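Please take these sequences and the hints and turn them into a complete structure.
Chains A and B, in that order, are what the protein sequence lines are.
Every number in this note's numbering is 6 more than the matching position in the first sequence, counting from 1.
Just so we're aligned: 183 in this note's numbering is position 190 of the second sequence, and the numbers increase by one with no gaps anywhere.
I should point out that these hints are in silico values taken from the structure, not numbers from a laboratory.
None of these values were measured; they are calculated from a predicted model.
Wrong hints could be hidden among the right ones.
To be verified - In silico DSS-like cross-links for lysine-lysine, where the CA-CA straight-line distance does not exceed 25 Å: (1) K15(A) x K130(A); (2) K12(A) x K18(B); (3) K133(B) x K130(A); (4) K12(A) x K14(B); (5) K53(B) x K130(A); (6) K14(B) x K15(A); (7) K46(B) x K149(B); (8) K133(B) x K14(B); (9) K51(A) x K12(A); (10) K15(A) x K18(B); (11) K162(B) x K149(B).
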Amino acid sequence: MANSKKVKKIQITTTINGQEMELLIPPYISLLETLREIVGITGTKEGCNDGNCGACTVTIDRRIVDSCLVLGAEIDGKNVETIEGMATPEGLHPLQQAFLEEAALQCGICTPGFLVASKNLLDKEPNPSEGRIRHWLAGNLCRCTGYDKIVKAVQKASENS
Amino acid sequence: MHPYNYYAPENINDALGLLEKFGSKARCLAGGTDILVQTRGGRFELDAIIDVKNIPELTKVEWTKDHLLVGSAVPCYLLYEDEKVTSQFPGIIDAASLIGGIQIQSRASLGGNLCNASPSADGICPLIVHNTICVIAGPKGSREISVDQFCVSPGKNVLDEGEFLVSLKIPLPNSGFGAAYERFIPRNEMDIAVAAVGSSVVVDGGKITNSKIALAAVGPTPIYAEKASEFLLGKDVSEDNLDQASQIAQDSCSPITDMRGDVEFRKHLIGVLTRRTLDLALERAGGN
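What follows is the structure in C-alpha cells.
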C-alpha cells in the first residue's frame, strides 16, 4: 500500500489577495495551514479546526469558507482573499475602523474571521438588517463580546459606506 | 494524521479508476465539511482523497423533462440562490439553507450529506419525501436506487467499494404537491437536530392522494415513516387526520436518549414537527 514516502508535494497556482503565486505544498494540508505555514500570512486564525467557529474564514472566489475545511490543493486556479487583503496603505477598511470604535473585540482571535465574513456580506448587501447580520455571522463564534458590539460595528460600517 | 495524495479527476471513468486503485484507502471529496474533519480525527487512514468537483455531472444542476438533476457535489448555496429551484422545491431549500452556517453552505452538498449517512442529517428527509433517486457510478456500470434505501446505519451507506454517488434525481412536483422540512435545535443556527421531520403531500379535491413523512435523529438512519404516511392516503385534509398521522409518526419512531435529548422528548418533538411540516406542505400544495 501507499505510505507517507509516496506522498509528493504538489504545485498549485493561485491568487491570494490579488497576488498570483505558485506554491509547492503537501497535498493533505488545509488551506488554513497553506496560508499560515507555506505563504506565511498568519492573520487567518485557527480556532476549532473543524468548521464550527469560523475564526479561519476567508473567501474563495468571493464566497466565505472555513479555510480549515478546504485543502490547499483545492485553491489551484482560485482567487483567495484573507484579512491581510482588507486594509489599504491609506488606512483601515471601514469595518475595521468600526470594530475599533465599537470595541467589537477583546482577545481578537475571532476578529479576522468576523471581519472577512462581514465584509463579504456588505459587499453583497450594503444595508443588511440586524437579523440578517446575525444570521450571516452565525458561523462565527466569539466568546468575549456577546456579539452585540460586533453586530453594532457591522451596522455602523454599513451606515458609513 | 496519515498523509494522503490528492487527485482531481475530470470525468467519471477516471474517478472510478482511482477508486479501484486505492480501494478502501480512498474517499471522495465534495464539500469536505465532514470528510476532512473525520480524516483529521483519525477515523480513516487514507492514501488518496479524490476531489470530484471537476467532474461535470457532479457539479451541475440540470432540469430534464421529469426531474431536477442535482450533482452530488453541488454546494447548498447554488440551490437556494437559484430562483427556479427555490420556487419549485421549497421543501429541499428548507434543509439546504439551514445546514451549518454560510461558510459551510458555500461548500457542503446534499450528496455529501447523504453519503455521510448521519442519523441527524438535515438533507436526507427532504430527499426521501420528494421520492429522490440516487444515481450511482461503479465498476460494473451505473445503477439507481431510491434514496430511502441509501443509508444503512450511522455513517454507513449502501455504496460498494469502488462506487460513488453521481447525482440526485428529484421528480418535478406535480400540481397539488407540497413539501416541508423542520428540525428542532436549542439554538437558532449552527446546531445538530434533536429531532427533525420532512413531509410531503399531494392534494386533489380536498383529499390527500399521496403523502410521505420522513424522520431524522430518532433512529440509526433518517427513516421513511411508512405507517404515518400510508395512514393519510385517501383521507380528507382535516385537523383530526393530520393529528392522527402525527401521533402515528410519534409512536413509530425509536429514538435514543443522549446529550441532545431523551426518548420521551424526541418522540414529542416528532409529533409536533410532523404536524407542522404537514401544515406547511399543505399550504405549499395550495390546499388551504
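Taking the hints in turn, this is what the structure says about them:
1. In summary, the hint linking K15(A) to K130(A) is not supported, as the alpha carbons are separated by about 36 Å, beyond the 25 Å threshold.
2. Taking the CA atoms of K12(A) and K18(B), the gap is about 14 Å. The hint holds against a cut of 25 Å.
3. Under the criterion of a C-alpha separation no larger than 25 Å, the hint pairing K133(B) with K130(A) is inconsistent with the structure, at around 46 Å.
4. As the CA atoms of K12(A) and K14(B) are separated by approximately 15 Å, the hinted pair is consistent with the 25 Å bound.
5. At most 25 Å may separate the alpha-carbon atoms for a hinted pair to count; K53(B) and K130(A) meet this at roughly 24 Å.
6. Annotation: proposed proximity of K14(B) to K15(A) holds, straight-line Cα distance about 20 Å (limit 25 Å).
7. Among the hinted pairs, K46(B) with K149(B) is consistent with the structure: their alpha-carbon atoms are about 22 Å apart, no more than 25 Å.
8. With a CA separation close to 15 Å, the supplied pair K133(B) and K14(B) stays within the 25 Å bound.
9. For the hint pairing K51(A) with K12(A), the CA-to-CA distance comes to about 30 Å; that exceeds 25 Å, so the pair is violated.
10. Distance hint between K15(A) and K18(B) is fulfilled; the C-alpha atoms sit about 19 Å from each other, no more than 25 Å.
11. With a CA separation close to 21 Å, the supplied pair K162(B) and K149(B) stays within the 25 Å bound.
Checked against the numbered hints above, the structure breaks hints 1, 3 and 9 and satisfies the rest.
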